[in-house]
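Quick note, the sequences are listed as chains A, B and C, same order.
Numbered by the UniProt record's numbering, the letters in the first sequence go through residues 1 to 150 in order.
Numbered by the UniProt record's numbering, the letters in the second sequence go through residues 1 to 253 in order.
Numbered by the UniProt record's numbering, the letters in the third sequence go through residues 1 to 257 in order.
Just so you have them, the derived chain B footprint on chain C, three or more residues with Cβ under 8 Å:
hint, region
1, 60-74
2, 134-142
3, 159-166
It should be emphasised that the hints constitute simulated quantities derived from the structure, not laboratory data.
Note that CB positions come from ideal geometry on N, CA and C, so glycine has one too.
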Amino acid sequence: MSTRWYPLYQRGNPQLRVFLPNFWMKLVRSSVNQLPNVVQFHCSMEMTKHDIKNYLEKIYNIPVVEVKTRIAMGKFRKDVGKGYIVKDDDIKFAYVTLPKTMKFEFPNIFEKKKGDTEDDMKSLDEAKKSFKGFIQRNKDRSDVPSWFTI
Amino acid sequence: MRIYNFLSKKVGELTIKYSNLPESYIKRSYEQVYWKNPKGYPQYPAAQIARKNYRFTTNRPWTMQFGRQNERTTQRKKVFLEPIGEWMYFKGDRVEILVGRDKGKQGIVSQVIQERNWVIVEGLNTHLRVVGKDKSFPGITVQSEAPLLVTTGVKLVDPETLKATDVEWRYTEEGEKVRVSTNSGRIIPIPKAAQETVDYKSRELYMENPDKDTTAAVANKITFAPKLQTFEMDIMESMGIKEDRTPATTYWY
Amino acid sequence: MNFLFNNILRNAAVISYRSHNSLKLYITAIQNITYIHTTSKHNNLMDFFDNKKNWNETNIRVGRAWRLDELRIKSNTDLHKLWYVLLKERNMLFTMEHECNRKVRLFPNPERIDKVEESMNNIETVVRERNTAYYTLETGETGERPVEDVVNLFGLPEKYPKNEYIIPKFMNTRWVKSYLEHGYINSLAVKKFYRLYQEKLRSIKRNERNRNFNHVQHLLKRFPDMDLEKLQAEYPEVDLEKAKRTKKARGHFLPKY
Numbered sequence: 001m002s003t004r005w006y007p008l009y010q011r012g013n014p015q016l017r018v019f020l021p022n023f024w025m026k027l028v029r030s031s032v033n034q035l036p037n038v039v040q041f042h043c044s045m046e047m048t049k050h051d052i053k054n055y056l057e058k059i060y061n062i063p064v065v066e067v068k069t070r071i072a073m074g075k076f077r078k079d080v081g082k083g084y085i086v087k088d089d090d091i092k093f094a095y096v097t098l099p100k101t102m103k104f105e106f107p108n109i110f111e112k113k114k115g116d117t118e119d120d121m122k123s124l125d126e127a128k129k130s131f132k133g134f135i136q137r138n139k140d141r142s143d144v145p146s147w148f149t150i
Numbered sequence: 001m002r003i004y005n006f007l008s009k010k011v012g013e014l015t016i017k018y019s020n021l022p023e024s025y026i027k028r029s030y031e032q033v034y035w036k037n038p039k040g041y042p043q044y045p046a047a048q049i050a051r052k053n054y055r056f057t058t059n060r061p062w063t064m065q066f067g068r069q070n071e072r073t074t075q076r077k078k079v080f081l082e083p084i085g086e087w088m089y090f091k092g093d094r095v096e097i098l099v100g101r102d103k104g105k106q107g108i109v110s111q112v113i114q115e116r117n118w119v120i121v122e123g124l125n126t127h128l129r130v131v132g133k134d135k136s137f138p139g140i141t142v143q144s145e146a147p148l149l150v151t152t153g154v155k156l157v158d159p160e161t162l163k164a165t166d167v168e169w170r171y172t173e174e175g176e177k178v179r180v181s182t183n184s185g186r187i188i189p190i191p192k193a194a195q196e197t198v199d200y201k202s203r204e205l206y207m208e209n210p211d212k213d214t215t216a217a218v219a220n221k222i223t224f225a226p227k228l229q230t231f232e233m234d235i236m237e238s239m240g241i242k243e244d245r246t247p248a249t250t251y252w253y
Numbered sequence: 001m002n003f004l005f006n007n008i009l010r011n012a013a014v015i016s017y018r019s020h021n022s023l024k025l026y027i028t029a030i031q032n033i034t035y036i037h038t039t040s041k042h043n044n045l046m047d048f049f050d051n052k053k054n055w056n057e058t059n060i061r062v063g064r065a066w067r068l069d070e071l072r073i074k075s076n077t078d079l080h081k082l083w084y085v086l087l088k089e090r091n092m093l094f095t096m097e098h099e100c101n102r103k104v105r106l107f108p109n110p111e112r113i114d115k116v117e118e119s120m121n122n123i124e125t126v127v128r129e130r131n132t133a134y135y136t137l138e139t140g141e142t143g144e145r146p147v148e149d150v151v152n153l154f155g156l157p158e159k160y161p162k163n164e165y166i167i168p169k170f171m172n173t174r175w176v177k178s179y180l181e182h183g184y185i186n187s188l189a190v191k192k193f194y195r196l197y198q199e200k201l202r203s204i205k206r207n208e209r210n211r212n213f214n215h216v217q218h219l220l221k222r223f224p225d226m227d228l229e230k231l232q233a234e235y236p237e238v239d240l241e242k243a244k245r246t247k248k249a250r251g252h253f254l255p256k257y
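Please construct the entire structure, taking both the sequences and the accompanying hints into account.
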């Protein structure tokens with residue numbers, strides 16, 4: 001049987017267990033100001049509030065006080081090229097409240113700026129600079145070929 | 001559906017091997033699917049609106065340049081590819097050039113583009129190209145190699161006579177598949193550089209990522225011991241979950 | 001699901017999720033999963049993000065996905081642990097990808113998601129293989145969801161995956177009724193549909209044949225010295241002699257004879 005098959009439950013049956021859950025959750029930056037102990041997630045459409053609570057508590061070891069979910073319907077929009085109407089995917093949001101003592105701040109992933117650019121860009125910049133220097137040097141003798149300079 | 005996928009496979013095998021990327025990723029990175037019906041609903045057929053023809057060039061399918069060349073509005077003429085049977089040319093091969101101004105010269109294959117029957121030979125068949133030109137700067141001139149057709153542009157070099165030769169695939173007595181020069185009957189071994197990928201020169205030289213990769217020692221360790229149990233039973237036993245209730249009968253129809 | 005996740009990731013000598021192409025042995029310490037992070041207030045929510053040192057990277061190079069043969073030699077417990085490692089990795093990748101998209105940055109190495117998913121699919125395949133083996137040995141059946149070949153309401157052959165019910169078929173009045181209601185396979189409408197459907201299939205086939213013939217003509221025109229055997233091998237249905245005689249196949253060059 002597929003590990004995805006969820007058997008029928010009747011009273012007196014063994015407890016239903018999921019061994020290889022296929023749910024996904026992604027932590028997203030909240031679009032509005034939230035309390036510091038509220039975290040926003042996108043998750044699989046199939047997940048219930050209980051699933052989300054268990055998922056975070058058991059897999060991630062995160063204490064959860066409350067879970068609220070909502071499903072945001074995807075936008076209907078016109079296709080850019082042909083103009084037919086397409087619908088974006090629906091998203092299930094989960095707002096997870098942590099205990100009051102905990103705080104979560106979404107980290108700034110792109111904080112530090114990388115100074116070094118690509119190598120080829122660097123060499124191009126150098127070439128440009130040296131060309132400017134060459135022009136500067138030979139301002140008064142534009143008709144003399146470049147190899148003639150000392 | 002699977003047969004269809006196989007037939008419509010456009011990205012060459014060597015390209016996939018060189019990229020060291022999963023095939024599914026290459027597919028989703030170059031394909032342009034504008035609309036796909038949702039899956040799992042009986043009212044929707046498995047239909048999609050997608051670009052059908054892509055122009056493969058020296059830009060590799062997973063790169064951004066490829067996407068820019070195949071923008072939705074651009075439609076290019078069909079490219080006719082001569083059927084060549086089994087592929088013969090690998091990265092690192094010594095080939096002789098049969099056309100162009102470097103005709104008769106020999107060089108090393110630096111890149112293989114199977115989608116167009118092309119090879120690029122290092123430092124040969126080049127043209128000049130101006131890079132980085134703007135108002136105040138005339139640009140740098142670089143040499144760039146043009147691709148050559150494997151059918152008419154190049155021929156493999158026989159390692160014995162050092163001359164261009166026709167080659168065919170044959171089997172050795174050990175059952176190994178090798179390229180054999182038809183002129184001298186000598187085996188032309190596949191060069192080491194053919195194993196090269198984007199990530200590493202050869203497999204042995206791959207530096208593994210210590211946080212992400214599993215070491216080969218761990219991956220190859222055998223921990224499986226056959227038991228008369230299903231996966232679920234085994235996990236429940238190892239986690240100490242006792243379950244003696246039997247499920248009621250159900251009916252499948 | 002409580003019972004299920006107990007103990008899963010505790011004290012685990014866990015396999016991190018990818019191995020590498022070569023058979024060369026790499027000896028490094030097996031990683032233990034630890035939940036210790038430098039910022040304690042963030043707690044384990046930081047598991048949804050990559051290591052801090054990977055945050056601004058443009059290239060995060062990793063090995064390949066787990067293969068079936070590598071998973072087949074692993075015990076069930078190992079597979080179970082590996083599944084959760086992969087699951088967390090995938091969540092992490094989704095989170096990072098989302099944040100990159102939001103900030104209009106390039107997500108480094110998006111093929112990692114495919115690698116993780118391929119590994120997860122392979123684990124599922126291996127688990128199914130083991131369960132099938134057990135059930136065939138014990139009960140003589142595979143234990144998989146039964147599938148039946150049926151003729152569906154449109155008169156087309158279909159694989160019907162059976163469903164599980166609490167009561168047998170003869171008692172299930174609703175099921176029988178709905179089936180009978182629509183089961184007019186020999187009706188006029190179905191016959192008409194079937195005829196038109198066959199016509200559609202035929203025309204698809206014909207179009208493909210014509211397209212191939214046309215393509216071969218163009219190839220003959222462009223590459224007059226082409227190896228015809230290879231051409232025939234690629235297009236076995238095309239009559240090459242006929243294609244060569246056509247006007248389209250003639251190039252702008254003097255014929256050799």
